[in-house]
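Generate the whole structure from the sequences, applying the supplied hints.
Residue numbers (numbering that gives the first Met the number 0), protein chains in the order written: chain A, 0 to 171; chain B, 0 to 103.
These are computed hints drawn from the structure, not numbers from a lab. Please note that a few of the clues may not be correct.
[Unchecked claim] Each computed PhoX-like pair below joins lysine-lysine, with the alpha-carbon atoms no more than 25 Å apart:
#, chain 1, residue 1, chain 2, residue 2
1, B, K102, A, K87
2, A, K120, A, K139
3, A, K85, B, K102
[What the hints assert, rightly or not] Covered stretches of chain B (in silico footprint by chain A; criterion: 3 or more residues with CB under 8 Å from a CB of chain A, positions within the stretch not fixed):
#, region
4, 28–38
5, 63–70
6, 76–86
Don't be surprised by glycine CBs; every beta carbon is placed ideally from N, CA and C.
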Amino acid sequence: MSGSTIIFYLLAAFTLVSALLAVTTRMIFRAAIYLLFCLIGIAAIYFWLQYEFIAAVQIVVYVGGIVVLIIFSIFLTQQAGEELPKQKPGRQLFAALAAFCGLALVLLQLTQHDFIETGNKAIEPTVANIGNQMLGVDDKGYALPFELVSILLLAALIGCIVIALRSKPETT
Amino acid sequence: MIEPGLYHMLFLSATLFFIGVYGFFTRRNLVTMLMSVELILNSVNLNFIAFNKYLWYDKMDGLFFTIFIIAIAAAEAAVAIAIIINLYRSHRSIDVEDAEEMKY
Numbered sequence: 000m001s002g003s004t005i006i007f008y009l010l011a012a013f014t015l016v017s018a019l020l021a022v023t024t025r026m027i028f029r030a031a032i033y034l035l036f037c038l039i040g041i042a043a044i045y046f047w048l049q050y051e052f053i054a055a056v057q058i059v060v061y062v063g064g065i066v067v068l069i070i071f072s073i074f075l076t077q078q079a080g081e082e083l084p085k086q087k088p089g090r091q092l093f094a095a096l097a098a099f100c101g102l103a104l105v106l107l108q109l110t111q112h113d114f115i116e117t118g119n120k121a122i123e124p125t126v127a128n129i130g131n132q133m134l135g136v137d138d139k140g141y142a143l144p145f146e147l148v149s150i151l152l153l154a155a156l157i158g159c160i161v162i163a164l165r166s167k168p169e170t171t
Numbered sequence: 000m001i002e003p004g005l006y007h008m009l010f011l012s013a014t015l016f017f018i019g020v021y022g023f024f025t026r027r028n029l030v031t032m033l034m035s036v037e038l039i040l041n042s043v044n045l046n047f048i049a050f051n052k053y054l055w056y057d058k059m060d061g062l063f064f065t066i067f068i069i070a071i072a073a074a075e076a077a078v079a080i081a082i083i084i085n086l087y088r089s090h091r092s093i094d095v096e097d098a099e100e101m102k103y
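Laid out in C-alpha cells, this is it:
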C-alpha cells in the first residue's frame with residue numbers, strides 16, 4: 000500500500016463527508032461552505048489523477064465563481080443565522096430510500112460489468128494538446144462546440160441582465 | 000486497501016450523484032436545491048474524467064466533455080440565481096412551497 004493510495008482514500012472520504020454535510024445541515028450558510036470543501040476535494044482528486052488543467056478550471060470556475068455567487072445570493076435572500084425549517088420525516092425517509100435504492104442498483108451493475116480498455120498509446124493531457132484539439136477544425140477538433148458554448152454564455156449573460164432588470168415603477 | 004482504479008472512481012462518483020439526488024428530494028429552498036444540482040454535475044464530470052483516464056487514454060474526449068459541462072454549469076448557475084433573486088423580490092421568500100401560482 001503506497002502513499003498515493005492513502006491520499007486517494009483520504010480525499011474520497013473528505014469529499015463524500017462534506018457533500019453529505021452540505022445536503023443535510025440546516026444552516027444554509029454552512030451548507031454553502033461544505034459545498035466549497037466538497038468542490039475543493041474534487042479538484043484535489045483531479046490533481047491526483049494528474050489532470051492539472053481540469054483541476055485548475057474546477058477551482059477557478061466552481062470554487063471561485065459559482066460558490067461565491069451562491070454565497071452572495073444567500074446574503075441577498077436569507078435572513079442571516081436563521082435555520083431552515085425542519086423537514087417532514089416521511090419525505091426525508093422516502094428520499095433516503097430512493098437515493099439508496101438507486102445507488103444499490105448502480106453499484107450492482109458496476110460490479111457485474113467488465114470494462115475493456117483500449118490498448119492504444121496514451122496521449123498526455125497537457126495544455127498544448129488540449130488547446131490544439133479544442134480549436135482544431137479537422138474531424139477530431141472541437142471548434143464548433145467551443146463556438147456554441149461561447150454563444151450560450153452570451154445568451155446567459157443577456158438573459159441574466161433581462162431577468163434581473165428592475166421594472167420601472169408605474170407612474171400613476 | 001487495494002490500489003485505486005476505475006471502479007473506485009465510479010463508486011465515488013455514483014455515491015456523490017445519489018447524495019445530490021437525496022439533497023434535491025429533501026430540500027425545499029431554491030438555493031440549496033441549486034447546490035444539490037451542482038453536486039450532481041460534479042459527479043458526472045468525475046465519471047467522464049475517470050473513463051478518460053483509465054479506459055480511453057488515447058483520446059481526450061472525456062476531458063472536453065468535462066470542460067463544456069463546467070462552462071454550461073456556470074451559465075446555468077448564473078441564470079438560476081438571477082431567477083431566484085427575482086422570485087425573492089416578488090414573493091419575499093425562496094421556498095418552493097411559496098411559489099405555487101402556476102400549480103392549479
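To see whether the hints hold, each was checked on the structure:
Of the pairs offered as hints, the one joining K102/B and K87/A holds, with about 21 Å between alpha carbons and a cut-off of 25 Å not exceeded. Under the criterion of a C-alpha separation no larger than 25 Å, the hint pairing K120/A with K139/A is consistent with the structure, at around 17 Å. Our distance criterion of 25 Å between C-alpha atoms is met by K85/A and K102/B, whose separation comes to about 23 Å. For a cut-off of 8 Å, the count of residues in the region 28–38 of chain B with a CB near a CB of chain A stands at 8, and the three-residue condition holds.
Counting residues of the region 63–70 of chain B whose C-beta sits closer than 8 Å to any C-beta of chain A gives 6, which meets the bar of three, so the coverage hint holds. For the region 76–86 of chain B, the proposed coverage by chain A is satisfied: 9 residues have a C-beta within less than 8 Å of a C-beta in that chain, meeting the threshold of three.
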